[in-house]
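Asks: Residue numbers (the working numbering), protein chains in the order written: chain A, 17 to 278; chain B, 140 to 448.
Among the clues, some could well be false.
Derived Cβ-Cβ restraints for the label pairs, each shown as a range [to be verified]:
| hint | chain 1 | residue 1 | chain 2 | residue 2 | range |
| --- | --- | --- | --- | --- | --- |
| 1 | B | Gly151 | A | Arg145 | 24 to 32 Å |
| 2 | A | Gly204 | B | Gly155 | 48 to 56 Å |
| 3 | B | Ala423 | A | Gly211 | 50 to 58 Å |
| 4 | B | Leu147 | A | Gly131 | 32 to 40 Å |
| 5 | B | Trp220 | A | Ala160 | 44 to 52 Å |
| 6 | B | Trp158 | A | Phe134 | 34 to 42 Å |
Hints were generated in silico from the structure; no laboratory data involved. Bear in mind that the values here come from a model prediction, so they are computed numbers and not experimental data. Here a beta-carbon is modelled for each residue, glycine too, at the ideal position from N, C-alpha and C.
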Amino acid sequence: MGARDTDRTILSVDNVSVDFGGLRALNRCSFEVSKGEIYSIIGPNGAGKSTLFNVVSGIHRPAEGRVLFRGRRVDGLRPSRISRMGMARSFQNLELFSGMTALENVLAGGHRHLGYGFFRGLVFDPGVRREERRAREEARGLLAFLGVEGYANSPVDDLPYGVQKKVEIARALATGPGVLLLDEPAAGLNDRETGELMDTIHRIRDERGVTLLLVEHNMRFVMGLSDRVCVLSFGRILAEGGPERVRADPAVVEAYLGETAC
Amino acid sequence: MTWAWRVLLWAGGAAGLWWLKGTLGLFVVNLLLVYVVVAVGLNVLMGFTGQISAGHAGFLAVGAYVAALVGQHAPGLGVGWALLAAGTVSAVLGVVIGLPALRLAGFYIAMATLAFGVVVSEAILQLDAWTGGADGMYVLAPTWFGVSLETDEQKFWLVLAVAVLTVVTASNLARSKVGRALTALRESGVAAECVGISTPFYRTLAFVVSAFYTGMAGALFAYVVSYISPDAFSIELSIDFVAMVILGGMGSIGGSILGAALLTVLDQYLAAFQDFRALIFGLAVVVCMIALPNGLQGLFRAAGARLRG
Ligand SMILES: Nc1ncnc2c1ncn2[C@@H]1O[C@H](COP(=O)(O)OP(=O)(O)OP(=O)(O)O)[C@@H](O)[C@H]1O
Ligand SMILES: [Mg+2]
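Please take these sequences and the hints and turn them into a complete structure.
Replies: Below, the structure is given as structure tokens:
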């Protein structure tokens, strides 16, 4: 790995394995993601894709191997530490803060950008008021960015599934991430919504300079969006490369694409 | 909430206190306000983070004894400092309880806090050289810039001031980033962590804040009743506090005020039926949990919504 390479690499997963009891969910996985890239991970159900996200975001600890984010080792750190270093994510089965409105969810995402401390929170002085107002405007802006500002004051539990998914992405963006992990963002969306989401993901990368890691089953989505694709099967990386190359790889066709293509 | 509503609520509270003073006397009003502080403090833990504490009488006892000891050994110290000392000692114990509680799930936290309440009572008995053990101790009246607050009326203004301060600061906390972080942790621990909210920090903080308020309330309690002994801080009292929060509505500060007021008043009317008291309280809580999932606060809110159409 040359010096110029490390400059461009924002995330590197190095020889990572994860065990659940006797089950090896990830087996010596290595790959690197460059700044500004849209990098997708595909693979059959149970391949270990979500587990990979959980390792990278700090929810699981790898049994072996390392995860480097912005050149610093993050495996073994709490998810909150990794988040504050600039990593954000969505969840395959939504993890919204129920009982809060959409806006409050996004505000919670912006937690670390509010500068006031505990004691000033107790007093709620005009400075705190100003900061809160600004945070609210930013949160509203993020909901608008995702096209759901109309739902800002609705309780998240009452929102349609597609809107909830967007609120979750807005919440992740509110942390101000350098890397955003989206776990099956298109699942459950119709064709029109999927098209909009592809557009949104491009805008997240282009307008906000965020690097994206996606897990997705929808091939049109993956192939249309990704700079590079990584194929995972039974915890191992089968192939990696540009969408066309991966699509043509015989091992991939056999393990994964073959079964879904027909 | 609009300004008009807020003024109306505060005025309603004042009128309610005035009425209670007339019917049950100032002593009960003072006690009620002390319990408001406890209920609001407990709600920071139970309502915001969803962790139950079955041992808050322990924090109340700690605050009460600190105030009594301060009165005995540093009689000139102002009441502000005494309250701060009571709250701080209690808050330190909050860290001691909060840290191990991080590793426990809901039910076990309840057990651990229950045990804490028992340990505090036992410790007071054992440390009889300072606390007088089972004989209890008399509490000197607090001093405010050299004035000794002896009468119920003087104590009323003190307790009222602290209760108002508690309600205002806890409400501010609820709408600040800290309140949001605590609620977020309650709703989804992983998601909260993944937006940078540290679970150990905020869960411990909730314990500390809750213990601080309750410790301060303990000092006020000591001043109001002016004599304390370990059996005043029983498990039953801890359970009463939990009942106040649940009856009022978890997570609602207004609800905690209502819950504390209702149980304190109910307790006065049930004094004649001591044997049935636990039964009636228990039934009230069960009925409330089934019929009013959002507590009294939810009932009021629903009624308000209907009035407005
Ligand atoms: N917390 C856990 N405890 C035990 N086993 C787990 C855990 N999480 C995942 N697994 C197992 O690890 C394997 C990989 O699961 P993972 O969720 O990463 O798959 P996935 O590729 O995301 O699948 P899908 O496409 O269905 O989301 C599966 O066999 C799963 O049952
Ligand atoms: Mg998955």
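Asks: Each hint: holds or not?
Replies: Here is how each hint holds up against the structure:
Judged by the Cβ atoms, the range 24 to 32 Å given for Gly151(B) and Arg145(A) holds: they are separated by roughly 26 Å. Checked against the hint of 48 to 56 Å, the pair Gly204(A) and Gly155(B) passes, with Cβ atoms roughly 51 Å apart. Taking 50 to 58 Å as the suggested C-beta distance range, the pair Ala423(B) and Gly211(A) conforms, at roughly 56 Å. Checked against the hint of 32 to 40 Å, the pair Leu147(B) and Gly131(A) passes, with Cβ atoms roughly 35 Å apart.
Checked against the hint of 44 to 52 Å, the C-beta distance between Trp220(B) and Ala160(A) comes to roughly 51 Å, which is consistent with it. Between Trp158(B) and Phe134(A) the CB atoms are about 37 Å apart, so this pair conforms to the stated range of 34 to 42 Å.
Checked against the numbered hints above, the structure violates none of them.
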